[in-house]
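Student: Spelled out from the first residue to the last, the chains are:
Number of protein chains: 4
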Amino acid sequence: MLRLDSHPSGQHFLHIPGPSPVPARILRAISFQTIDHRGPEFGQLGLKVLEGIKQIFRTQHPVVIYPASGTGAWEAALVNTLSPGDLVLMYETGHFASLWRKLADRLGLQTEFISFPGIEGWRRGVDPERIAARLREDTQHRIKAVCVVHNETSTGVVSDIAAVRRAIDAAGHPALLMVDAVSGLGSAEYRHDDWGVDVTVAGSQKGLMLPPGLGFNAISPKALEASRLARLPKAFWAWDEYLDMNRNGYWPTTPATNLLYGLHEAIDMILGEGLDNVLARHQRLGAACRAAIDAWGLENLCLDPSQVSPVSTAVLLPEAYDADGLRRLILERYNLSLGTGLGKVKGRVFRIGHLGDCNALTLLAALSGCEMGMRAFGVPLKASGVVAAQECLQ
Amino acid sequence: MLRLDSHPSGQHFLHIPGPSPVPARILRAISFQTIDHRGPEFGQLGLKVLEGIKQIFRTQHPVVIYPASGTGAWEAALVNTLSPGDLVLMYETGHFASLWRKLADRLGLQTEFISFPGIEGWRRGVDPERIAARLREDTQHRIKAVCVVHNETSTGVVSDIAAVRRAIDAAGHPALLMVDAVSGLGSAEYRHDDWGVDVTVAGSQKGLMLPPGLGFNAISPKALEASRLARLPKAFWAWDEYLDMNRNGYWPTTPATNLLYGLHEAIDMILGEGLDNVLARHQRLGAACRAAIDAWGLENLCLDPSQVSPVSTAVLLPEAYDADGLRRLILERYNLSLGTGLGKVKGRVFRIGHLGDCNALTLLAALSGCEMGMRAFGVPLKASGVVAAQECLQ
Amino acid sequence: MLRLDSHPSGQHFLHIPGPSPVPARILRAISFQTIDHRGPEFGQLGLKVLEGIKQIFRTQHPVVIYPASGTGAWEAALVNTLSPGDLVLMYETGHFASLWRKLADRLGLQTEFISFPGIEGWRRGVDPERIAARLREDTQHRIKAVCVVHNETSTGVVSDIAAVRRAIDAAGHPALLMVDAVSGLGSAEYRHDDWGVDVTVAGSQKGLMLPPGLGFNAISPKALEASRLARLPKAFWAWDEYLDMNRNGYWPTTPATNLLYGLHEAIDMILGEGLDNVLARHQRLGAACRAAIDAWGLENLCLDPSQVSPVSTAVLLPEAYDADGLRRLILERYNLSLGTGLGKVKGRVFRIGHLGDCNALTLLAALSGCEMGMRAFGVPLKASGVVAAQECLQ
Amino acid sequence: MLRLDSHPSGQHFLHIPGPSPVPARILRAISFQTIDHRGPEFGQLGLKVLEGIKQIFRTQHPVVIYPASGTGAWEAALVNTLSPGDLVLMYETGHFASLWRKLADRLGLQTEFISFPGIEGWRRGVDPERIAARLREDTQHRIKAVCVVHNETSTGVVSDIAAVRRAIDAAGHPALLMVDAVSGLGSAEYRHDDWGVDVTVAGSQKGLMLPPGLGFNAISPKALEASRLARLPKAFWAWDEYLDMNRNGYWPTTPATNLLYGLHEAIDMILGEGLDNVLARHQRLGAACRAAIDAWGLENLCLDPSQVSPVSTAVLLPEAYDADGLRRLILERYNLSLGTGLGKVKGRVFRIGHLGDCNALTLLAALSGCEMGMRAFGVPLKASGVVAAQECLQ
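Protein chains in written order, with UniProt numbering: chain V, 1 to 394; chain D, 1 to 394; chain L, 1 to 394; chain X, 1 to 394.
Calculated from the structure, these hints are not laboratory results. Mixed in with the good hints, there may be bad ones.
Stated by the list, open to error - Which chain D residues face chain L? A few, computed with CB under 8 Å, are given here:
1) His141
2) Leu361
3) Val387
From the three backbone atoms N, C-alpha and C, an ideal C-beta is built for every residue, glycine too.
Turn these sequences into a full structure, and let the hints steer you where they fit.
Tutor: Below you can see the structure in the form of structure tokens.
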């Protein structure tokens with residue numbers, strides 16, 4: 001059998017944009033013995049995490065926690081609120097926006113995708129005006145929901161969700177606003193209530209620093225209202241049973257108990273450090289990463305400086321270089337995992353995650369690995385990115 | 001915050017019919033650092049578990065592993081193979097059969113439930129003749145699937161799946177056979193291929209000795225064929241992307257990596273002990289548990305000795321006693337968790353799990369806890385069940 | 001290589017009189033990453049455990065914690081307080097008293113052993129009058145120390161330490177009183193200050209529920225005074241450097257950091273449950289174990305009911321039966337480890353540990369294993385010990 | 001109570017010259033449940049580690065493993081081979097040589113210390129000619145042992161042990177050669193047999209990547225012979241009982257079972273990577289660290305390029321800067337622990353460990369932390385040490 005514990009000597013540096021490295025404290029928590037999910041101890045745990053997670057979403061309203069991946073939480077958001085054939089307005093910000101759209105199509109929704117030629121859409125965030133314009137045209141309110149991605153994991157571009165909300169309101173349109181905050185939650189500023197989001201979708205393996213296996217839906221009263229009339233078939237994902245059982249800290253299905261132990265610990269860690277401090281740390285690390293890219297003379301996939309991600313950064317390589325070949329070399333030589341280019345930027349970019357349990361030295365280690373790897377791969381670099389990042393972090 | 005590690009002194013005895021106690025070896029495996037689910041190391045892990053799990057299902061055909069609970073795997077079995085309004089024949093063997101039926105209804109299927117007054121159906125397994133009779137009537141083949149539960153976790157009754165298959169064949173009916181083996185897989189004899197099952201549904205937290213969080217679909221060629229025409233909306237659960245990505249050991253969604261580490265370990269443990277040995281051990285433990293019940297002068301919910309479960313046993317209390325009050329007393333005094341009575345037998349039975357990482361002494365400890373607890377609760381006992389169980393195990 | 005994680009199915013029952021089973025909570029604590037033992041975080045940890053451990057010893061005076069086994073702590077007690085050729089009065093209560101005496105001899109001390117023919121001394125605790133008589137004879141105070149074992153792990157007999165103190169005082173003798181409380185600390189009543197003990201020796205792997213690897217010396221002011229004049233060579237064990245460094249929470253040598261994490265957790269668990277509650281639990285479990293032995297019609301090695309140990313019990317087998325053969329059978333069939341007969345009672349007794357993280361059901365499981373094992377081995381039993389133990393625990 | 005698990009966000013970088021960071025794989029191994037140290041499973045484990053460790057020492061002869069720190073192993077080497085008042089020749093290479101000498105004095109040996117004014121001796125390794133000269137003078141063979149430190153942890157200087165052996169032989173002197181290889185074993189080339197060492201002293205928390213708590217003596221036949229006549233009192237440390245019990249894989253005292261699990265894993269890791277590969281990796285990392293120091297324009301405490309340590313490097317700060325103040329700043333800002341200056345170089349140097357489970361990126365992270373820290377502390381740096389180290393590692 002595979003020897004799970006085998007590893008090259010020394011620390012592995014996991015700098016993909018998620019899963020992010022799971023702190024030892026959380027790994028220890030998930031190795032606590034599984035308990036009866038109908039017993040009194042579980043009820044206490046359930047109430048703690050259901051209450052605590054609201055602070056991370058910055059919401060007063062319920063958050064449903066599925067034993068499932070973020071993809072499942074995408075599906076849950078749609079099937080709970082929409083009916084077969086409903087029109088959904090989506091926006092091509094990158095690979096995950098495209099996948100969410102494909103998922104909506106498979107579920108029998110009609111999707112309209114604000115898309116762009118080539119990789120143009122992948123280099124900028126959502127333009128709220130485009131959404132407002134489309135909604136104004138939709139005088140009959142055929143569009144039932146607007147779905148956008150907050151932090152596009154595939155591109156390192158953040159969209160202004162509050163502005164999207166204002167655009168919808170300005171158009172006087174009743175569509176629900178659904179947001180994928182999978183990679184942004186807990187690592188980039190996010191405000192479910194203040195920004196008027198109806199459903200926020202998230203996952204465990206990014207800013208929450210957990211292994212994958214939990215999916216989240218934060219639900220506004222308006223979304224809850226919509227769910228009463230929505231006719232897409234739903235059972236596993238149905239909010240109603242969750243909201244009912246969660247009241248006492250229990251789940252309608254068998255919960256992923258051990259990941260909930262980890263979530264309990266993660267909430268304690270994030271609130272212990274202070275959510276604002278956590279977000280500020282991500283901002284500092286993101287800036288340092290971009291300073292390195294500038295110093296190298298390479299290009300950030302994200303074009304607009306006001307939309308750069310504090311979570312991850314996609315680095316465009318000169319055309320002659322295969323980013324996946326570079327990543328392979330770096331993994332083998334330096335025990336550093338970087339994110340692959342997805343979809344339209346396959347082979348063109350590599351992505352550096354700087355989220356979750358990341359600090360200055362882990363990032364500098366990762367940038368060192370990139371720097372040495374690119375030199376070995378023959379990519380011309382103008383100057384040391386590590387030195388630039390150090391200056392930024394000083 | 002809740003102190004996860006707090007516990008009453010000494011070992012907790014988890015004897016619900018699942019989650020079963022997770023061996024330390026598996027808990028350690030799931031605490032291995034999360035890795036890149038798109039990297040080469042993951043691919044190796046994926047291929048190992050996808051191949052290994054087939055041996056537990058006793059199938060040559062693909063098994064899909066969802067980052068979800070068993071409930072999700074129920075849904076997956078239905079949405080992949082059926083179309084809106086399809087008629088499904090289900091059979092009331094207990095609480096989980098009833099829940100599966102409810103789930104099918106919610107998904108927009110038409111269900112026909114072979115049901116029984118009172119708790120009559122809950123005390124016996126599936127009568128294949130009832131199914132055969134119904135199928136013979138269905139000359140137009142409106143019934144698209146027959147769904148039965150293999151080991152009813154709520155009752156401790158095992159149904160003869162091979163006989164159900166024979167009944168369907170004898171009726172010359174093309175319906176798919178779908179089986180819930182959630183609590184039976186790895187603890188009671190189960191043969192996906194030999195028994196001609198089309199979709200077997202399973203979960204991680206029973207005989208596989210893992211925490212909850214993985215759901216399984218074992219898929220026959222006929223089920224796969226059916227999935228090409230099935231029109232229930234599906235995206236997260238869609239087999240097609242799984243089968244495509246699994247070929248190289250990868251997942252279409254973010255997999256529950258850490259639980260897959262645990263699954264790898266569980267497969268190694270089960271095949272290391274020998275699947276037949278594992279099943280024989282469960283048989284011995286089940287027999288010992290029933291010997292205790294006989295000695296106490298209490299009644300097994302399961303009426304037919306040929307249908308008793310090697311996985312768990314439901315004990316009927318005399319009417320005057322509230323089974324949940326008894327369970328509470330036992331938990332508080334003896335640190336022993338027993339299963340609650342579900343649905344129609346709420347308050348009437350308690351359930352003893354003897355599955356997974358269970359051996360003679362853990363069972364005897366649990367039976368001691370039951371015995372002392374019942375005495376303290378005033379339940380009249382004829383003789384010591386522990387002594388009877390010891391004799392049985394000797 | 002040996003696969004450390006391989007194990008027979010199900011829970012292993014470790015019922016030797018130490019090491020006792022280590023709770024998962026402590027195992028998790030010792031797997032926390034090692035830190036700089038000269039850094040500020042360590043200093044805090046050091047102060048916490050050095051202060052906390054005093055409450056377990058019930059002392060106001062310093063306790064030194066060695067990165068060593070209990071044997072090392074025996075040596076430390078002697079080399080810190082005595083000079084070459086000093087006369088030490090020791091008392092044959094069993095195997096560990098004999099080993100301590102042997103160790104004293106090897107260190108160049110002159111030992112006088114109050115010993116007994118055959119196993120007579122092994123069936124009773126210290127007779128304080130024997131000590132008083134000897135001390136009264138020693139008018140020239142040649143005897144520098146009286147060394148006795150509190151809970152003889154090899155026999156399950158507890159000696160009355162307060163009475164020994166009174167005997168010394170009654171004799172008006174200045175000898176130091178040194179006590180081996182290795183297996184009694186944290187499981188049997190023990191009062192370092194109230195009982196006037198000068199040096200108490202202890203280890204981590206018994207009532208403290210830790211893995212082996214820490215040795216303890218609790219030190220009275222009189223012992224500290226004696227250490228200033230003592231001339232046995234000492235360096236690693238020298239108290240002076242410890243007492244100096246411990247003031248700020250540090251160690252003169254590299255401390256066993258990870259076991260100190262465990263100790264921190266153990267102290268938290270014991271004080272959380274309440275030391276008196278912990279001791280009362282051990283009393284209950286010891287009584288239940290003895291009830292089982294009575295029911296079986298077997299003999300407790302300990303003859304005096306006022307001296308029975310709440311920590312472990314040694315069961316005398318009828319002469320025809322080899323206790324080690326029985327233990328082997330029980331280990332193989334039931335995954336239960338029992339203590340072997342040591343020294344003079346080799347092959348005659350097996351020992352049941354009921355200490356540390358033990359509760360009613362683990363003890364009943366162990367007694368079930370003994371009962372089934374003895375039947376399989378042909379040992380005639382009068383009645384079920386498990387039933388008797390249950391009654392006792394009810 | 002102290003919350004052991006609390007930590008600043010992100011990975012802690014432990015770059016003291018030991019304890020070195022313990023790999024997760026070893027931390028998991030030491031959290032395996034403690035077993036009966038007299039049972040059959042332990043015997044297998046014991047034989048495995050006792051045999052495996054010989055390969056790390058490169059010896060065919062026995063290695064004794066104490067449940068104690070390296071200081072204990074120093075004591076063991078002396079008390080097993082020497083008699084009260086014996087003359088021992090020691091050599092001032094730094095702090096640990098001085099401590100060993102002090103320990104020898106406390107044990108009643110007569111020590112002669114080849115020492116140097118100021119920190120002169122701390123900047124070079126042993127000069128074998130000095131030893132040869134002294135031994136030639138000792139025509140009556142009053143010197144019973146020559147004790148030297150292989151890798152001086154306090155200075156980052158390696159001494160040529162083979163040359164010391166040649167010097168002793170050239171002098172035709174029968175003194176035993178005892179070597180402290182605590183920080184060198186498993187990280188710097190070391191050959192117990194080939195170099196003719198009589199007793200090698202080692203500890204677990206350096207190149208062996210374990211937590212502290214195990215001490216080692218590798219014993220030549222000549223040392224064993226000497227132990228038969230040696231008259232220093234010894235009991236806990238006595239080799240004879242170890243060698244006797246170890247034959248079957250057992251220990252004369254309670255072994256540190258959980259650390260032995262870790263040792264088993266460590267041996268597997270080292271031999272899996274290949275001992276020569278492990279040593280070559282340390283050489284590369286040491287060279288990179290020195291390249292950084294050169295680039296910074298700072299001075300290595302070690303003056304002789306042929307004596308630089310692959311294990312750790314001591315960096316001399318310009319006089320105006322307090323090295324401990326710098327270390328504090330670096331720990332607080334960058335979560336990086338560096339080694340303090342010890343003894344004669346207190347406040348003058350900081351030490352960078354690059355041993356054990358260390359790789360290129362962890363070292364570059366540590367060097368980044370040093371670089372940023374020194375800038376923040378006002379230490380003038382000529383150029384980026386990280387860039388220089390990268391070039392060296394490329």
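Student: Does each hint fit the structure? Answer for all of them.
Tutor: Each hint, compared with the structure:
no.	hint	in the structure
1	His141	violated (45 Å)
2	Leu361	holds (4 Å)
3	Val387	holds (5 Å)
Violated hint: 1 only; the structure is consistent with all others.
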